[in-house]
Amino acid sequence: MELSIDRVTKQYKNKIAVDRISIKLEEGVYGLLGANGAGKTTFMRMLCGILTPTGGEIKVDGRNNMEMGEEFRNLLGYLPQDFGYYPDFTACEFMMYMASLKGLPYGKAKEKTRQLLEQVGLLQVMKKRIKTYSGGMKQRLGIAQAMLNDPKILILDEPTAGLDPKERVRFRNLIADFGKNKIVLLSTHIVSDVEAIADRILLMKDGQLKLTGTVGEMEQHVEGKVWECVRHEKETEHIVENFNVANMHHNDGETTFRIISEAKPFENGISVKGTLEDLYLYYFQEGTKC
Amino acid sequence: MLSLIRFELKKIWKKKVNRTAMFLGLFLLLFVNYYSIKSEDFRLNKEAPIVKGLKAVKMQAEYDKAQTGVLSEEYLTEIVTDYQNQLKKLEPGEEGYGWWLISPNTNVFSIICSNYSEWNEQWAWEDLASIDTTNGIGFYERRLEKIRNGLNMDYSYGNYTEKEKQFWMEKAQTVKTPFLFGNTETWNFIWNNIGTLFYLLFVISICIAPVFAGEYQNRTDALILTAKFGKTKLIGAKMIAVFLFSAGYTLLCTVVSVGSLMAVLGVEGYNLPVQLFSKNSPYDWTVLKAVTVHLGIMLLMAAFIGAFSMLLSARSKNPLIVLAVDFLLLLGTIFIPFSKNSRLINWILFLRPVLITDFKEVLSTYNSCQIGNVVLSYIPMFCIAYGAATVLCMVFTGRGFSRHQVGGR
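Chains as they are written, first to last, in the numbering used here: chain Y, 1 to 290; chain V, 1001 to 1409.
You may find that some hints are simply not true.
Here are some, though not all, of the chain Y residues that point toward chain V, as calculated from beta-carbon distances under 10 Å [claimed, not checked]:
1. L76
2. D82
3. Q145
4. N251
Derived CB-CB ranges, DEER-like [claimed, not checked]:
5. N1318/V / S134/Y: 43 to 53 Å
6. D177/Y / Q1217/V: 27 to 37 Å
7. M66/Y / S1156/V: 54 to 64 Å
8. K1010/V / N173/Y: 28 to 38 Å
Derived from the structure by calculation, the hints contain no laboratory data.
Built from N, CA and C at the ideal position, the CB exists for glycine as well.
If we strip away everything but chain V, and leave its shape as in the complex, we get:
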C-alpha cells in the first residue's frame, strides 16, 4: 500500500503542468504578501510625510505597540471626546476633513465605529461625532445592545428563533472585556492573506483532475484494472495520495505565506482578542485561535476539493471537465444572489466555498439554524457539510473507478 501511495504521489509530481501550477501558487502567495505590505501607508499627523510599504507597516506596529493595554471605558471615552472636540474646530468640507484626527490610531477608532454603527451599517469617521460622551460612551454595553438589535430585527427571509437569539447572546457575553489592545499588524496581514489559500484550491484541482480521468485518457486503465490490486487497494492508495497531496500543499503554502510574513513582521499580537480584527464577533477567541481555525477549515476545503475532483475524475474521461466543474463550484457560485424570502436557501448559499475566504466576516456573522433543540452556528455547519460531502465523494469515487468499463459505450 505504501509503495502504491508513493507512486501515486510521484505521478502527481512528475507532471510538468502540476509542478508549474504549484510553483505559481507559491509565487502568488509571496506576491500577495509583498503587494499588501507595499500598498500600506502611514502618516503620524497632518504635517508628517506619508510613509509607504514595509516602513509604514513597522511604524504603525510601533505606534500600536506603544498603545498596548486594555481598551477601558475611560480610555475609549477620552479619545472619542478628544476627537469630537477637535472636530468641532474644523470647518466641514475642509480638505481631509478629520482624517488626521484619527490617524494613526485608526485601529482603535475603527473598532469604535463598528461598535456604534447600526446592524448592517457602516460609519464614516465623522459619524463618531454623534456618540454621546456625557456619561462615558458605554462601549461594552453598546456592543451587546448592537448584537441584540441585530438578532431582534425583522428579516424578509425569516427571523432568528428565540433559541438562536439566546445562543448568540450567551456566546457574545462570554467574550472577555475590556479588550486587550496591542500591535495588530502582523496578524492582520496573516489573516487577510490566508484567504488567498482559497485560490490555491485551483492548483489542487489542476493536479488532482487527472488522477482517474488521466488513466482513462492515457489508456492505462486497462492495465491497472487488470492488476491484482487495481480495483481494490489502488483506489485507497489514490485517495490517500490525493489527501496527502492536498493537505501537504496547503500546509506548505501556509508555511510560506505565514512564515514569510512572520519573518518580516515578527509574531507579536497572537494573543490579542479576535474582536480587534473581526469587530462584532461573538467568539471569545484570540487571533491565533481564529487563524488556526481558519487554517483548519482551509485544510478541510482542500480535502473536499481533492475528494470532489477525484469523484469527477473517476466519473469523467476528461480532466478539463473536472477543472471546469471545480471552477464553477469555487467561483461561479459567487454570482448567485441571496434569497429575500427563504432562510433555508440562504443557508445553502452560505455554504458556498468562496465565503470562507473572508473569515473575519465569517466570525462577525450570526448565521445559525435550529434543528430540534440544537442551534448550529455557521462554522460547525460548514465543517459538517464539507466533511460529509468529502466522505460521500470518496464513497462514490471508489464505486466509479472499480466499476469503470474499459471501452464501454
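Looking at chain Y on its own, in the form it has when it is part of the complex:
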C-alpha cells in the first residue's frame, strides 16, 4: 500500500499552516518530528480527512482519500492529540461504541475489544468509567480504539505527550507491536520517542517538510556540527546566550558544553558524533539555520 501526499497545503487567511508537503509513505513507522506549531496536527488531520486541504491531494494506491469515503476510513486508525472521550462510558462501552462506528459485527467487536484491552493492560479495569483513568490509561485506551479495525494506516498525533517516562516506554512498545505491516505515522516533539521506533524520520518546520531519512541519515546532517567544549563555569551565561547548547555538565568549577555550531565554537572544542536530538535542536533553535 502506498499513501501518496502531493503538494498538500492548508492556508488560513494569511497564515500557511501546511505548505506544499509532498511525500510517499509505504509500510513502516514514520516519525513526524517538529516543534509545537510546526503544522504536524494540521497535516495529520488532513491525512485523516477531517480537515480539507486548501491545495494538493492525498491518495491511497492512486485513489483520492476523500472520494474513497468509507473505504478510506476503513483503512484508517487515528489517535488524535489530546483526544476526547465519553467520561460516563466504561472502557468496554467506549470500545464497543467505536467498534460499531467502525462497522465491526457485535461478536467480532466483543472479541477484539477484549483482546486489545488485554494488550494495552486495561482488561482488569474495563468496567470502570473512563473519567477515573489516569492520562496514561486514557492514551492506551486511545491506541486500542485506533487498532479496532486492524487499520492499514495508523496515524498517532503526539501519543506520548504528558506521559511519565515509564508510560512512554510502555506506549512506544505498544506502537512497535501494533505497527507491523502498516503505514504508521507518529508525530511528536519528543525525539527519543521516534528515535527508538521510527524507520524513517520526517522533520517538519513552519508547515514544510525540511528533511526525511532514517535516523542514521538524519544524524549525518549534523556531522561536524556538534562540539564538546570545556569552559570555566563563569562563562556559562555568555555561552548559553550566544550558542546553541544541547547539553551542559558542571564539574569542579568547569562546565562541559555540547554545542551545535557550523564552526568550531572554541579552540578546545572537540567534534563529536551528532544525534537526532542534536539535529532537532539544530533545526528548531530560534534564529538558527533552517
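Go by the hints and put chain V onto chain Y.
Below, chain V alone, put in the same frame as chain Y:
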C-alpha cells in the same frame, strides 16, 4: 445501525444533567396535576360550604354527571329563563350578585355566555339577563350567526375571502347538534394540563443540545469522524436516536400526566363534543379526538425541537448556544405583537410554537389562508410548516456534521 442508535441513546441517558432534567419534567407534570386539582372549589348553593381540591372536582363531576343528556333548545331556554327570573329578585350590587344562581351549573352557563357574546367579546354572568327568551333562546341558530358575524367583520389586517367564509361555515354546520352534555371534569383537566407538555420541550432541548456540539466540545469529533461510519451512518443513527428520545419522552410524559389524572378522576366524558370545552369550535370532534390531535401536534413539536436542536448542535460548538436559541424560539417569540396591517405577518406569528399550548383556543380560532382555490386551516398549516421545518433541519444537520472541519478556523 441498531447498535449505533443504542449507543447514542445511551449517551443521552448517561448524562446526569439530562436525567435530572427528565425527572424534573415529570415532577412538574405531576405537580401541575396536583395543583390544578387542589385549586378547584365547589359550592352547591349559597348556603352550602365551599369544598376544595379533589373533593370539589368529584362533586362537580357528580353534578355534571347527573345532568347528562343533550343540551336541547327547551332545556337551555328553561335554565336561562329561570336564571333571569331569579336575578330580577336580587338587588344589583348585592354580595356575590347572581353567582350562586349559576353554581354549580357553571359549565352549561359558560357555554351559553360564550354563544351569545359578540365575536372577541366576553360576557359576565349577569349579561345572560339580556338574552331574549320569548320564543326560545335559539341557541344553535345563534351559534352559526355568531360565527357568520365573525367571518364577515372588517379587520384592519385583512378580511376573510369568500372561499374562506364558505369553508368555515360548512365546517361549523357539520357539528352535530344538540350537544351532548355530561361529566367534563376529567377531560377538562387532561386537556388543560397537556399544554404543560410544551414546557417539556426545554427538557428535550437540554438533552439534545450536546448531541453534536458535545462531540466538538469534548473533542470526540476527531475520533468519530475518522471512523468508517462517522460521516455516514452515525448521522442517521444520531437523528433516529434524537427522534426516538423526543417521541419517547413526550409519550412517557403524556402517560404520566394523562394516566395520573385518569387514575384519580376516571375516564368518563371522552365522547363529549369538543364544543363543551372549546366553545365556538367549528370542529365536529369528540374531546378524545381533540386531545389525541393535540398530543399528535405535541409529538410533532417534540420532533421539530429535536431536529432544530440537532441542527444548531451540528452548526455550533457550544450546547449553551443551542439552549439559548431554543429558548428564544419557544418563549422569546411570545413578546412579538400581532400586526394590525398584515394578515400574512399574523399568519407567520400564528406559527409561533407557544400558541399550540392552548389547544382549546386553537380549536376556536378561525385562522385560515387561501392558496389558489384551496383553503388551509390553522391545524394543517401548523403541521405542514413544522413537518417541513423538521425535514429541512435534518437535511442541514447531516451536511453540517459531515462537513465539519476538526480544528478548522
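Point to revise | Hints that the structure is at odds with (numbers, increasing) | key: 4 and 5
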